[in-house]
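S.K.: Now for the letters of each chain:
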Amino acid sequence: MSRIEGVLKTLKDQGRKALIPYITAGDPNPDETVGLMHALVSAGADIIELGVPFSDPMADGPVIQLACERALKHGTSLRRVVAMVKEFRATDPDTPVVLMGYLNPMEAMGYETFATLAADAGIDGILTVDLPPEEADDVAPLFSARDIDPIFLLAPTTTDDRIRAISEHSSGYVYYVSIKGVTGSATIDVDEVARKVAHVHELTALPVGVGFGIRDAKTAAAVGRVSDGVIVGSVLVDTIARHQTDPAALRKALTDLLHPMRVALDDLVH
Amino acid sequence: MSVKLTEEMLKALPDARGHFGTFGGRFVSETLMDSLMTLEKEYLRLKDDPDFQAAFDKDLADYVGRPSPLYFAERLTRETGGAQIWLKREDLNHTGAHKVNNTIGQALLASFLGKKRIIAETGAGQHGVATATVCARLGLECHVFMGSEDIKRQSLNVYRMKLLGATVHSVESGTKTLKDAMNDAMRDWVANVDDTFYIIGTVAGPHPYPLLVRDFQSVIGRELRQQSMDAVGRLPDALVACVGGGSNAIGMFYPFLADEDVQLYGVEAGGFGIETGQHAAPLCAGRPGVLHGNRTYLMEDENGQIAGTHSVSAGLDYPGVGPEHAWLKDIGRANYVSVTDDEALDGFRRLTRVEGIMPALESAHAVAYGLKLASTMDKDQMLVINVSGRGDKDIHTIAQLDGIEI
Ligand SMILES: Cc1ncc(COP(=O)(O)O)c(C=O)c1O
Chain A
1 MSRIEGVLKT LKDQGRKALI PYITAGDPNP DETVGLMHAL VSAGADIIEL
51 GVPFSDPMAD GPVIQLACER ALKHGTSLRR VVAMVKEFRA TDPDTPVVLM
101 GYLNPMEAMG YETFATLAAD AGIDGILTVD LPPEEADDVA PLFSARDIDP
151 IFLLAPTTTD DRIRAISEHS SGYVYYVSIK GVTGSATIDV DEVARKVAHV
201 HELTALPVGV GFGIRDAKTA AAVGRVSDGV IVGSVLVDTI ARHQTDPAAL
251 RKALTDLLHP MRVALDDLVH
Chain B
271 MSVKLTEEML KALPDARGHF GTFGGRFVSE TLMDSLMTLE KEYLRLKDDP
321 DFQAAFDKDL ADYVGRPSPL YFAERLTRET GGAQIWLKRE DLNHTGAHKV
371 NNTIGQALLA SFLGKKRIIA ETGAGQHGVA TATVCARLGL ECHVFMGSED
421 IKRQSLNVYR MKLLGATVHS VESGTKTLKD AMNDAMRDWV ANVDDTFYII
471 GTVAGPHPYP LLVRDFQSVI GRELRQQSMD AVGRLPDALV ACVGGGSNAI
521 GMFYPFLADE DVQLYGVEAG GFGIETGQHA APLCAGRPGV LHGNRTYLME
571 DENGQIAGTH SVSAGLDYPG VGPEHAWLKD IGRANYVSVT DDEALDGFRR
621 LTRVEGIMPA LESAHAVAYG LKLASTMDKD QMLVINVSGR GDKDIHTIAQ
671 LDGIEI
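Read top to bottom, the protein sequences are chains A and B. Position 29 of the first sequence, counted from 1, bears residue number 29 in my numbering, the numbering being contiguous throughout. So my numbering is basically just the index in the second sequence, starting at one, shifted up by 270.
It should be emphasised that the hints constitute simulated quantities derived from the structure, not laboratory data. For glycine and all other residues, C-beta sits at the position ideal for the given N, C-alpha and C. A portion of the hints provided could be inaccurate.
To be clear about the criterion: a stretch of chain A counts as covered by chain B if any three or more of its residues have a C-beta under 8 Å from a C-beta of chain B, and this derived list gives those stretches [said to hold, decoys possible]: (1) 8-16; (2) 36-46; (3) 50-58; (4) 141-155; (5) 172-181; (6) 190-200.
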């Protein structure tokens, strides 16, 4: 059982939902990232999604675009991101880390090299935004062979046949993108998400995480009620942007944002 | 390595998932997959539908003014002293460039699919103008994404788009040029996928775009074959076209791919010189990677981040290139070369002064290389340069370089 599967199974047995924060590695600068990851865990994170900055983040809105620019300005390469996870792993052997990013930096490093380094660093899952399963035949097996879960996206536009096929290529969990749009854009329609996630649950046995549009404890709880986990990104990244120069204030602000989501999700257990 | 291509081999490309060898494909976020698959299915159906083809051909004739002439540049030939230089006059099309061949085709597709809202990216503004033009004609809502750097360089075209009723969105992210405009168009499409048709301006993007744009632009090469037979009774010895994303080049080359005696030359933007790193020549100096939905040659750093590009011509200022060109390079069927900003400007001046034809700065790259090449060829050989567009839009840039304020 992978670390991701283990964590999600334990939560399920307890009737609890996963809280999965996203931050972009290297933002506001590479020296802060590992500390921020630990802070996220202290505030209640079950799994961390760590963004790999890319020059052309086509699926992201302005908030994460700017985070990528800040990280790249400080030279945050994929190699460096992998090293950050290795450092994090040295003192946190339990919290799964999923890298989320675009294909080209991985292709430039070479898939075999990347998969090997990622496994060595203790990376648990890899989600590549612009890699649908149709193009993943040469890539995903390299991850699976090293017990790294390939995680794919489902969208509101995904047909039933594709939901089944994508689930077959995935392990760990599937990531349901709650809105048609880029990260950080629209507010979600919780009823619509509930309906769609229930339908996804009928088509796959994998846990379903829901992301895009979760901004506070209220939306986290509403989405947590109908899914196995909530992924929170742009509000956290926006908070990082607003506290770039004051690391202590930044950690406190992130905790103040994330902890109430943890509490709201755990309040669902009854 | 060079492979003899047969009609059969060409028919099998791209494959069912949009691959040209290892290039092409469909690398997009999941939200767009369903739309792309629908577009592919509908296009493959309409491609052989006589009504669709008849509507396309009629628009090309009556609205664009095709066929575009094949012109013998007699004085230029004499002055250059080598092969006969002929010009394929895409600059004479309505809106002034080859881009309109494609926007007519895609707007027709949008109409058949019932989509009323059109988005497009543009660099030089030629594709934006060609898109705004067909939208005006068909009564479609039009949004054009354009980098703020390009908006500065191509103010004339920005105003033309506005006159035509389009909304021009200034793109401030990244390098503020064509690649960033394409990013923002993709982002808009993800958010409005139900009612919006994305008219991509070149043979790049995810499958089926490289296929359908190539098909629409192939009218250039088909006409050229016929015109060449009519004028001189044989096919040309060499074809030369500039390569930004590669749509005017593939449109010219594609009908000749199986004619192995016809040499093909794609001319990339050498900017300040390949050795300076300040250029836009991924086929000459890049390596394979994935951007904007397809695998192709890219300009990138050692960490896979897309590199900034430079060209005097906004329409060539792009770090990628259509996947079919990447494939043609690797199998050795086409030659990819580059000329610098300065050489292109010389090409612009030569054609203007010697033939009275002012080419777009993009096309001037093909002119510059074509003249070099012609001078190495025999007098009884024939070389055709694709003049992909006219230079009116670039007058400001040229004047500025001459230190003149207009
Ligand atoms: C006149 C002209 N030629 C060529 C190009 C480059 O595009 P492509 O390589 O797709 O033909 C452009 C792009 O804006 C253009 O305006």
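S.K.: Each hint needs a verdict: does it hold in this structure or not?
M.R.: Going down the list of hints, with the structure as the test:
1. 8-16: violated (count 0)
2. 36-46: Contact hint for the region 36-46 of chain A vs chain B: violated, 0 residues under 8 Å.
3. 50-58: holds (count 5)
4. 141-155: holds (count 4)
5. 172-181: Since 3 is at least three, the answer is holds.
6. 190-200: Coverage by chain B is violated for the region 190-200 of chain A (0 residues, Cβ < 8 Å).
Violated hints for the displayed structure, listed by number in ascending order: 1, 2 and 6.
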